[in-house]
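Chains as they are written, first to last, in the working numbering: chain A, 4 to 213; chain B, 19 to 428.
Treat the hints as calculated values from the structure; they're not laboratory data.
Treat each hint with caution, since some may be false.
Facing chain A, a subset of chain B residues (Cβ under 10 Å, in silico) [what the hints assert, rightly or not]:
{"hint": "1", "residue": "Val-142"}
{"hint": "2", "residue": "Ala-153"}
{"hint": "3", "residue": "Asp-156"}
{"hint": "4", "residue": "Ser-184"}
{"hint": "5", "residue": "Ile-243"}
{"hint": "6", "residue": "Met-249"}
{"hint": "7", "residue": "Asp-311"}
{"hint": "8", "residue": "Arg-312"}
{"hint": "9", "residue": "Ile-323"}
{"hint": "10", "residue": "Asn-347"}
{"hint": "11", "residue": "Gln-380"}
{"hint": "12", "residue": "Leu-381"}
{"hint": "13", "residue": "Ser-425"}
The beta-carbon is built from N, C-alpha and C at its ideal position, and this holds for glycine as well.
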Amino acid sequence: MKSKIVLTTATIVMLLMTGCAQKKTISPDGINHSTIGHSGIGGSTITGNNGSTNGSTVYQNVDPYGSSSANGNYGSGTYGNGNYGNGDFNQNGSYSGKAIQNIYFNVDKYAITADKLPIITRNANLLKSDIRKGAKLKIEGHCDASGTDEYNYALGLRRARSAKDALVMKGIPSGSIALVSMGESSPECTSSTSSRCYAKNRRVEFKIVE
Amino acid sequence: MRYLLFFLLTLNLSAVDAVLNIEIDVDSKANISIMEDTAKAGTTANHSKMFKLLQTDLKMSGHFKTDEKLRRGSFSDGVLPVELHDREYILKYSYGTSGKDLRIKLIRVTDNNVVLQSNYKVNVSARYPFLSHNAIVDVNKALGYEDISWMKRNILFSKYISSRKSEIWMADYTLSFASTIVRGGLNLFPKWANSEQSAFYYTSYNKLIPTLYKVSMSTGSRKKIVASEGMLVASDVSQDGSKILLTMAPSGQPDIYEYSVDSGSKKRLTSFRGIDVNGKYLGDESRIAFVSDRTGRANIYTKSIGSSSVSKAAHYGSNNSSCDASGQNLLYSVREGGSNNIYLGSANSSYVRPLTSNGQNQLPRFSTDGKVILYIKQHGGSNSIGYMNLATKESALFPMLSGNIQSIDW
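Work the whole structure out from these sequences, hints included.
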């Protein structure tokens with residue numbers, strides 16, 4: 004008898020718990036058909052910014068930072084329309100007439116491997132005389148588009164830094180080299196998202212800037 | 019059966035994420051019909067879009083089952099149509115002929131009571147989606163549901179438009195409003211400077227070295243904060259706006275610094291010889307989560323500011339290159355097989371839960387209240403912005419017309 008009571012109680016508790024589940028608190032009231040279509044608007048309003056104040060409607064402005072001009076402060080390029088200048092930074096720089104080669108990297112890698120050292124040596128030899136005359140070298144690090152924002156830019160930068168360290172070992176003065184990461188902003192290959200195309204984008208480029 | 023399976027609220031049907039199929043008690047969603055004011059119907063080009071926006075917002079709140087039919091009637095007349103007697107609520111709206119103002123009335127059908135009556139305006143008609151978003155946030159609040167203010171926030175993102183060129187855009191969460199706010203050259207990593215969204219930081223590559231600027235939304239003016247060779251990112255901002263977690267790379271060594279906005283002083287927080295980036299404040303902001311390749315591949319770590327000891331925080335995945343934090347919760351992207359997926363984790367437990375299951379899903383971001391996540395889905399060369407409400411399980415995808423997103427904040 005006792006076990007029957009326990010079992011019954013347990014069953015009832017289980018059913019109750021299953022029934023409770025994760026329901027929201029809102030559930031429909033019973034529909035009172037007699038009120039539909041017969042009464043006007045009743046009840047009180049809950050929030051402010053409503054109805055009429057001395058005959059004129061009050062509107063809450065949900066646009067606190069836009070001005071009243073045609074595009075407001077959200078207009079196309081209001082904060083910058085190239086007016087902040089392109090500066091020297093974004094210019095390509097160039098090294099015409101000499102075969103300065105890019106160096107390419109495997110996925111997620113930034114070390115200059117032994118097979119790339121001959122390129123470093125050749126580039127250093129080509130660059131030495133101009134650097135001695137005061138030219139500066141900018142090394143840009145690039146990535147493919149498979150990564151995510153900050154990490155990708157850091158990967159590009161570490162690639163540029165590895166190339167710089169290798170050039171310094173070959174006699175290029177450290178103070179004549181600037182580094183920048185371009186992330187995935189300037190791909191060499193844009194024809195597809197294949198691994199072959201992406202491989203061309205994981206690279207460093209060497210540019211002389213005056 | 020008490021429980022029904024609901025389908026994804028998604029505009030992209032080509033990739034179904036199994037984890038997003040939800041089970042919810044159908045009785046917990048309130049039935050609602052939307053009724054447009056006949057006197058104002060169709061008076062501007064955006065009028066047809068307002069209905070869709072209200073519908074989308076009600077669905078995304080997770081608490082309403084909306085009637086798909088666009089109904090019209092009198093905004094001021096208190097008589098309710100007989101065919102709507104089985105609804106729980108009717109949302110009447112009157113969208114003004116200027117396209118810049120919206121009036122709403124939320125009516126409880128059982129007693130024909132106006133539960134909420136509110137009026138909204140925007141300064142320019144292009145910002146009309148915020149009329150709907152603000153209205154539905156208030157509708158939600160009036161009925162006692164949890165706050166969904168995330169819905170009325172501005173999204174800030176940078177988008178590549180061509181080689182070495184990217185623009186910063188502002189949009190509403192549905193991308194119905196989207197406008198360029200910085201263009202010319204390479205503009206990256208936009209980050210809101212405060213919770214009010216009255217200013218933002220971004221990195222410009224248009225001077226000799228990467229430079230961080232702060233732009234004021236009210237004046238449109240721009241102020242230089244700091245410049246640093248190599249790379250420069252404002253990764254996170256403290257709750258009170260007084261400190262920024264910066265990724266900087268003097269000598270080509272990317273590390274995380276804590277920067278004091280008032281004094282300009284910088285404190286270096288990481289010192290590993292490889293990559294340490296993507297710092298995010300945890301909890302009371304005495305600790306950070308960040309991405310590092312200190313064990314050979316990118317992964318998520320935590321450390322206390324001022325201490326050198328570092329703990330691994332992601333308990334799944336061996337190639338996790340992006341993270342966000344809210345309280346002690348973590349979001350991170352995992353590269354696995356040919357996919358990138360978003361995972362929810364914790365900084366102080368081994369809890370882990372996948373939020374996507376296939377495709378390319380990156381740049382995960384918590385809402386300021388930590389209840390909704392935003393992420394970018396890449397497919398076929400184009401991007402969509404995805405949302406998942408962690409509490410109500412609602413989800414949606416909104417495609418971008420062009421361009422690839424570089425970074426995003428909201």
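Quick rundown of the hints versus the structure:
no.	hint	result
1	Val-142	holds, 4 Å
2	Ala-153	holds, 9 Å
3	Asp-156	holds, 6 Å
4	Ser-184	holds, 6 Å
5	Ile-243	violated, 14 Å
6	Met-249	holds, 5 Å
7	Asp-311	holds, 8 Å
8	Arg-312	violated, 13 Å
9	Ile-323	violated, 19 Å
10	Asn-347	violated, 19 Å
11	Gln-380	holds, 5 Å
12	Leu-381	holds, 6 Å
13	Ser-425	holds, 4 Å
Hint violations for this structure: numbers 5, 8, 9, 10, all remaining hints satisfied.
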